[in-house]
Each structure stands twice: as C-alpha cells, then as structure tokens.
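Engineer: Each chain is listed here by its residues.
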Amino acid sequence: MLSLNRLPLTAEFRAGARAGFRAFLPQSIGLIPWGMVTGVAMVGSGLTPAQALGMNVIVFSGTAQLGTLPLIAAGAPLWLIIATALALNLRFVIFSAGIAGNFQHLRAPARWGIGYLLVDGVFAICLEPMLRNQNPQWRLGHYLAPALWAWALWQLSGLLGILFADAAPQTWSLEFMATIALLVLLLPMAGTRPMLVAALTGGAVAIALHGLPLRFGLLTGMVAGILAGFAAERWQPAAVEG
Amino acid sequence: MTGPGFGDSGTVWLTFFLLALATTLPRASFIVLGNRVTLPSRVRRALRYAPAAALAAVLAPDLLVSNDVVSFLNPRLGAGLVVLAVASRWHSPFLPFITGMGSLWAFQYLA
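Sequence order for the protein chains is A and B.
Counting from 3, one number per residue, gives the positions in the first sequence under our numbering.
Counting from 3, one number per residue, gives the positions in the second sequence under our numbering.
Please note that the accuracy of each hint is not assured.
What the hints assert, rightly or not - To be clear about the criterion: a stretch of chain A counts as covered by chain B if any three or more of its residues have a C-beta under 8 Å from a C-beta of chain B, and this derived list gives those stretches: (1) 16 to 29; (2) 50 to 59; (3) 110 to 116; (4) 128 to 141; (5) 146 to 154; (6) 182 to 195.
To be verified - Selected chain B positions facing chain A (in silico; Cβ < 8 Å): (7) Thr26; (8) Leu41; (9) Pro42; (10) Ala48; (11) Ala55; (12) Ala56; (13) Leu65; (14) Leu75; (15) Arg78; (16) Gly82; (17) Phe96.
Claimed, not checked - Using C-beta positions, here's what the derived DEER-type ranges look like: (18) B:Thr13 / A:Asp168: 17 to 27 Å; (19) A:Asp168 / B:Leu83: 22 to 32 Å; (20) A:Gly103 / B:Ala113: 49 to 59 Å; (21) A:Ala170 / B:Ser43: 22 to 32 Å.
Quick caveat, the hints were computed from the structure, so don't treat them as lab data.
Where a beta carbon is used, it is the ideal one built from N, C-alpha and C, also for glycine.
Throw the hints in and build the complete structure from the sequences for me.
Structural biologist: Right, dumping it as structure tokens:
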C-alpha cells in the first residue's frame, strides 16, 4: 500500500491535490448509490457482513464485484469466476497505459498502490490535466486526492448498504439488486451497433448453452460476444469509435 | 452463517484474493511495468467488447433460466424489462433499483 509519509507533500503536491479533488467532487457523488447497491447485493447474495466488507476492500471494483456475485452465489467454479472478472476488468489495461507515464519516478510499492486505486471516473478527470502540467508532484497530488476520496466514499457507502441488507429479511430477494445494477451498467455500453451485437450474442449463447456443466455456456458466450463485436465492426466500419 | 451456494469461509476468502488479482493486475499493469509494451489494436478492440459480452452472458441466464429451465414468463425477466425501460427513459441513479425491486416483488406475488 502507499506509504503516505514518504510522499512529497510540497506546495505543488497540495495545489495538484486541490485541483484534482475539485474536478472529481461533483461526479464522485454518483459513487454513493453504486457503493450502497453493491453492499446490499453482496449481503443479499449470501455473504456475511464481514465477508462483504472484506470483498469491498480487497477487490475494490464495482463491476467485478457485481458481475461475479451471481456466479459466486450459484457455486460456479473458481476459474470461471476469475475469467469473468478478467473479462470485465481487462479494459483497465488501456487506462493504466494512458496514465502510467506520470508515475515512473515512484518506487514499485507506490505504483502498485496507485494501480489498486485506479477507477474509471478518476482516470477520466486526471488524464488531460496531468498531460498539461509538467510538475510530477502536482500530477501525483492531482491523482491521489480524488483517488483516495473515491476509495473512502466507496467503502463508506458500501458499509451503509451492507448494514441495511443485514437488517433486511431474506425474503426480500435483495440479490436481485446485483442483476439490476448489471442491467444499468450494460445499457449505455450497448449504444453502438458492434457493442450491441457483442452483448446480444454473449447473452444468446449463454442461454443456448446453459445446460452445459460448469456454466461453460458463460465462457463460450463471452468469447462469442467478442468475436461477434469484431464481425459487426467489419460490416459497418463507419460506426466504429476510437 | 453462509448463504445458498457458498462453500466454507476459506473458499470465499480465496475467491476474493484471486478476484483482487484479476482486478488489480490490469489496473496496475502499465503503471508498474512502465510503457515498455504497446498493445496491438486487435487486443484493444477485444478489450472493448469483453465487458459488454461478459455482462450479457452473466445477465441472460440470471433473467431467463430458473431451476435449469429457460422460461420467458418469470418474475425476474419481467422486473428486468421494467429496469431497462426505466433506465433508458430516466437518468436517476436510484429509480431503476426502486422500480426493479418493486416490480420483482409484484411479479413474485402474482406468480
């Protein structure tokens, strides 16, 4: 983890931290419902409050947590759960590549901590300002302040959801909160035609092969969906975005 | 206390640990290794379609399969369609969850 006492808390660092925090604050409020929903879904799927809290801290990825909960609850094999999380999160390799140049002067443990804290929203507000400013301490502050804020908000709102779900009766089917969250996540993704084709193919193949053991249909569905996305790109190259 | 489908506590924590690797390794990849490697465009495109394909492949059986049988008339699918309609119409963060759970309970009561 990051050792904060080793960080250079200079005036440039603080100025960067203020700028990053201010840029991220408005949209960070959007993390609160997601954190609460994830907390509710974890406990609703059968995790104890302690396990749910642990998952929130250790995994720290809303999409991967929500996306694997139905599989964990259904007793899917471990390798399939991990493969699904990878499919959901490998896109972060692109974000990591985009932002990596800012942190190469830091030591490896600090860079691991920075990687662990990387989330979509923080990446989005950091990329452009950090390219413009040449001071490495300003850039570090601009990343760390919103990233730590996002982490704290996620843990606190998750805790609220966990406590609520723990007090709610089991007959409320609160595991369905994960399904709702995944639908809301999927909807804007399916905005372009190749993405829609990828999603429809993935879902259709998973349904067609649902009888196969070890939920093999899920893996086949993911692969088929990616291939279908490629194919759809070729048919209508003008619709492809960067 | 463990819910349906959960193995022993050790398995749960092992799952979390491996999930943490699966989520942290991609995020930390270039930040830790530096920009020594570049991604071919084919890989970048595959990474873009993977989340949509994976989400749909997780969701579809969740909505359509109950007790190993594909069913187009079940409370979960009904509630899922309500969620899609609400989420595409309004951009409120809470509304899909309120209407989704509400319609699930209504359909469960009717079924």
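Engineer: Can you confirm whether chain B covers the segment 146 to 154 of chain A, using C-beta to C-beta distances below 8 Å and requiring at least three such residues?
Structural biologist: violated (count 0)
Engineer: Do the Cβ positions of alanine 170 of chain A and serine 43 of chain B conform to the proposed distance bound of 22 to 32 Å?
Structural biologist: violated, 47 Å
Engineer: Using the nearest Cβ pair, does glycine 82 of chain B come within less than 8 Å of chain A?
Structural biologist: Hint on glycine 82 of chain B: holds, closest Cβ of chain A at ~6 Å, below 8 Å.
Engineer: Hold the hint about phenylalanine 96 of chain B up to the distance rule: shortest CB distance to chain A must be less than 8 Å.
Structural biologist: holds, 6 Å
Engineer: Under 8 Å is the threshold here; is the Cβ of arginine 78 of chain B close enough to any Cβ of chain A for the hint to stand?
Structural biologist: For arginine 78 of chain B, the interface hint holds, since the closest Cβ of chain A sits about 7 Å away, which is under 8 Å.
Engineer: Using a Cβ cutoff of 8 Å, are there at least 3 residues of the segment 50 to 59 of chain A near chain B, or does the coverage claim fail?
Structural biologist: Answer holds; 4 residues pass the 8 Å Cβ test.
Engineer: With 8 Å as the cut and Cβ atoms as the points, is threonine 26 of chain B at the interface with chain A?
Structural biologist: holds, 5 Å
Engineer: Does leucine 41 of chain B meet its interface restraint, that is, does its C-beta lie within less than 8 Å of any C-beta in chain A?
Structural biologist: Since the shortest Cβ distance to chain A is 7 Å, the answer is holds.
Engineer: Determine whether the Cβ-Cβ distance between threonine 13 of chain B and aspartate 168 of chain A falls within the hinted range of 17 to 27 Å.
Structural biologist: Since the Cβ atoms of threonine 13 of chain B and aspartate 168 of chain A sit about 21 Å apart, the hinted range of 17 to 27 Å holds.
Engineer: Under the criterion of a CB-CB separation shorter than 8 Å, is proline 42 of chain B in contact with chain A as hinted?
Structural biologist: violated, 12 Å
Engineer: Interface hint check: leucine 75 of chain B, Cβ to nearest Cβ on chain A, cutoff 8 Å. Holds or violated?
Structural biologist: violated, 15 Å
Engineer: Lying within 49 to 59 Å: is that true of the beta-carbon distance glycine 103 of chain A to alanine 113 of chain B?
Structural biologist: holds, 56 Å
Hints 1, 4, 5, 9, 14 and 21, counting from the list given before, are not met by this structure.
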